[in-house]
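K.L.:
For the protein sequence lines, the chains are E and R, in the order given.
Be aware that the first sequence starts at 1, since it is given in our numbering, and climbs by one per residue.
Be aware that the second sequence starts at 74, since it is given in our numbering, and climbs by one per residue.
Please note that a few of the clues may not be correct.
[To be verified] In silico lysine-lysine, PhoX-like type, Cα no more than 25 Å apart, as pairs: (1) R:K457 / E:K3; (2) R:K395 / R:K457; (3) R:K685 / R:K617; (4) E:K34 / R:K297; (5) R:K195 / E:K41; (6) E:K43 / R:K231; (7) R:K175 / E:K43; (8) E:K43 / R:K297; (9) R:K297 / R:K395; (10) E:K41 / R:K78; (11) E:K34 / R:K175; (12) E:K41 / R:K294; (13) R:K292 / E:K18; (14) E:K43 / R:K181; (15) E:K18 / E:K41; (16) E:K71 / R:K208; (17) R:K372 / R:K395; (18) R:K425 / R:K457; (19) R:K231 / R:K220; (20) E:K43 / E:K26; (21) E:K34 / R:K685; (22) R:K617 / E:K41; (23) R:K220 / E:K62; (24) R:K220 / E:K71; (25) E:K41 / R:K395; (26) E:K48 / E:K71; (27) R:K220 / R:K181; (28) R:K271 / R:K226; (29) E:K34 / R:K292; (30) R:K195 / R:K220; (31) R:K226 / R:K617; (32) E:K3 / R:K181; (33) E:K71 / R:K181.
Simulated from the structure, these hints should not be mistaken for lab results.
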Amino acid sequence: MSKVQYQLEPLTCPSCIKKIEGALGKMIGVQDAKVLFNSSKVKVSFNKDQVTSEELQEIIEKLGYPVISAKIA
Amino acid sequence: MGKMKKVHIVIISGILLLIALVMYWLNLGVWKNTVLITTTFIAGWSIANKAIQSARMKAFSIELLVTIAVIGALMIGEYVESAAVTFLFIFGAYLEARTLEKTRSSLKTLIDMAPLEATVLKDGERVILPVEEIKQGDHILIQSGEKIAIDGKIVSGKALINEATITGESVPAAKNIDDLVFSGTIIDNGYIEVEAQKVGDDTAFAKIIELVEEAQEAKAKTQKFLERFANLYTPAIIILSIIVFIITHNIELAITFLVIACPGALVISAPVSLVAGIGNGARNGTLIKGGEVMENFAKVNAVVFDKTGTLTEGKPSVTNIKSFGMDEEALLKITAEAELISEHHLGQTIVKEAKDRGVSLTNEATDFTVEKGHGLYATVASNKVVIGNRKLLSKNNISLDMSIDQFAIQEEKNGNTAIFVGVNNKVAGIISIADQVRQEAVDTIRQLKAAGVEQTIMLTGDNKHTAEKVAAQLGIDTVFAEMLPEDKVNHIKRLQNEGYRVAMVGDGINDAPAIALADVGLAMGAAGTDVAMETADVVLMSDKLNRIPYAYSLAKATIRNMKQNMFFAIVAVSLLLVGVLVGKVFLASGMLIHELSVLIVILNAIRLVRYKQRNK
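Isolated chain E, as found in the complex (with noise of 0.2 Å):
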């Protein structure tokens, strides 16, 4: 099981966190997916046999969040 870790640029919508989430989470080899809204990341576990960290990326960028950095685990 991997970790990542995705700096995003502020969020300002507490909505936000479902979207991000319900996205990340529907995707195969995903074990669990975490907004911190406070800080502006996103965590995931994820299984790196079935999905990488760049898919990951650009799902998150697809739904209109810039990534700033990533920090895998």
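Based on these hints, arrange chain R on the given structure of chain E.
P.N.:
Just chain R now, kept in the frame of chain E:
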């Protein structure tokens, strides 16, 4: 458009709106409308985009409402309205993001304190490495003005270190060989070589950041209630606007109603205050773990303190040795030998005293048994030794002479803990140990009372006389002495049954059960101790007592701020809705007031970022 920054769109549409205004003065009607429509499209593009994105995720959003309203306005030819609404919306969102950043700025300044590289000693050579490449056991060199990148132990040199990022304490701490240093702290003056013990995400500093980030997400009860309310409120408003449409047959009014009713200020009112409050605490070395803790802490009216290490320095020393029927040094020797394997801090104090006096501890203790909360038994050089309090002596049928007991009581009244030593069923001596009361303790108790604490209680395993002396010195209301750990828990239960909201202050390790049971548990001096940082609700990084009244006042101020925000948001949205219904507020003006109310709520929360406790 994707690459274009939000701020540019705001500026361009703002300028276009001004141009339209000029054209209106010049009576260029057709051109004015063209410009207005262009503005609507430029500003509206990102709104519509977001609306579609969330609609795809089956999430209902304010952007969708605004898009519908704007399309409606364009269809009926209300170009001023459509341009003004889209501009105000993106302008508001931009300002919101900027000001929200301010409420979150405390944490950001903390994160920025983490250094990115460090000078590492590799095979006798100095190399500058990025922090990610530093490993446990590496030797790091740090000089004046530099930040420390790891947690570790000083192996050579000495320095004055500013540890404000960890402890909130701005007075630099003097550190020598074998002292621990923390990542994120700054060398004020000096030069040290440090062996890395914890690196990267394991450092105390990284843990603090992570805890604060999690704390900011941990919702308050009020906040959860607000969110449930918003979940009901939004569908209710949709139904209401349909009813408005059925009654008035006015689609414009119905859409305006829908857009204006969006609970923006309300939804954001609680989290902005909490984030600002928690951030302020973190910057000042007090970590309050989330909204619910903040709420509970603000309601606390009884504070329970552990004595040793909390109200006192926790560095006891031997103040007097009185022996009966044997040499003073022999008494210290036999006691220290028995205590050598004891983990009790008083036992260790005796051992330290013996070593300091150059007494060689030659005999090994056998049959070592601890009587929890009372003392211990051991056999030293075939002498049966009993060390502990009065109860332990009488339990072993060792009688105390009146004069010996008088002496012990006098020592206790002077603030000492009297340790009775019995050798072969006879009293052999009394060792007095005292622990300095912290100098800021008196002020702390006074400030807590001034801030609204009704009861201050001290619980201690120590004897009654010493406990009462310390309590009287500090102005503590109630003292319970000679407590066992489970007694502390019972006292907290009793206070809660009496209706008090109880906060328990301890060192986070010995007092863990009491800290867990209290409504709010505070652990002091927790920097670097993972257990304490995880179990306590409020973590005080330094062991400065004055952080307690600070955290308490901060919690009260934060909850007050949150309530002001909620009240204001409810009043604003109610007035707006009434205004719309009676035809005094229209889409553009409503949007303006709505955005303003959101900004006011955020600005109010920013006050908490700058909050400083007033010295009463």
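K.L.:
Does each hint fit the structure? Answer for all of them.
P.N.:
Hints, verified against the model:
{"no.": "1", "hint": "R:K457 / E:K3", "result": "59 Å, violated"}
{"no.": "2", "hint": "R:K395 / R:K457", "result": "19 Å, holds"}
{"no.": "3", "hint": "R:K685 / R:K617", "result": "17 Å, holds"}
{"no.": "4", "hint": "E:K34 / R:K297", "result": "18 Å, holds"}
{"no.": "5", "hint": "R:K195 / E:K41", "result": "36 Å, violated"}
{"no.": "6", "hint": "E:K43 / R:K231", "result": "40 Å, violated"}
{"no.": "7", "hint": "R:K175 / E:K43", "result": "23 Å, holds"}
{"no.": "8", "hint": "E:K43 / R:K297", "result": "22 Å, holds"}
{"no.": "9", "hint": "R:K297 / R:K395", "result": "62 Å, violated"}
{"no.": "10", "hint": "E:K41 / R:K78", "result": "20 Å, holds"}
{"no.": "11", "hint": "E:K34 / R:K175", "result": "23 Å, holds"}
{"no.": "12", "hint": "E:K41 / R:K294", "result": "23 Å, holds"}
{"no.": "13", "hint": "R:K292 / E:K18", "result": "16 Å, holds"}
{"no.": "14", "hint": "E:K43 / R:K181", "result": "18 Å, holds"}
{"no.": "15", "hint": "E:K18 / E:K41", "result": "13 Å, holds"}
{"no.": "16", "hint": "E:K71 / R:K208", "result": "18 Å, holds"}
{"no.": "17", "hint": "R:K372 / R:K395", "result": "48 Å, violated"}
{"no.": "18", "hint": "R:K425 / R:K457", "result": "22 Å, holds"}
{"no.": "19", "hint": "R:K231 / R:K220", "result": "15 Å, holds"}
{"no.": "20", "hint": "E:K43 / E:K26", "result": "15 Å, holds"}
{"no.": "21", "hint": "E:K34 / R:K685", "result": "33 Å, violated"}
{"no.": "22", "hint": "R:K617 / E:K41", "result": "33 Å, violated"}
{"no.": "23", "hint": "R:K220 / E:K62", "result": "38 Å, violated"}
{"no.": "24", "hint": "R:K220 / E:K71", "result": "22 Å, holds"}
{"no.": "25", "hint": "E:K41 / R:K395", "result": "63 Å, violated"}
{"no.": "26", "hint": "E:K48 / E:K71", "result": "15 Å, holds"}
{"no.": "27", "hint": "R:K220 / R:K181", "result": "17 Å, holds"}
{"no.": "28", "hint": "R:K271 / R:K226", "result": "10 Å, holds"}
{"no.": "29", "hint": "E:K34 / R:K292", "result": "15 Å, holds"}
{"no.": "30", "hint": "R:K195 / R:K220", "result": "19 Å, holds"}
{"no.": "31", "hint": "R:K226 / R:K617", "result": "22 Å, holds"}
{"no.": "32", "hint": "E:K3 / R:K181", "result": "23 Å, holds"}
{"no.": "33", "hint": "E:K71 / R:K181", "result": "17 Å, holds"}
Of the numbered hints given earlier, the model fails hints 1, 5, 6, 9, 17, 21, 22, 23 and 25; all others are met.
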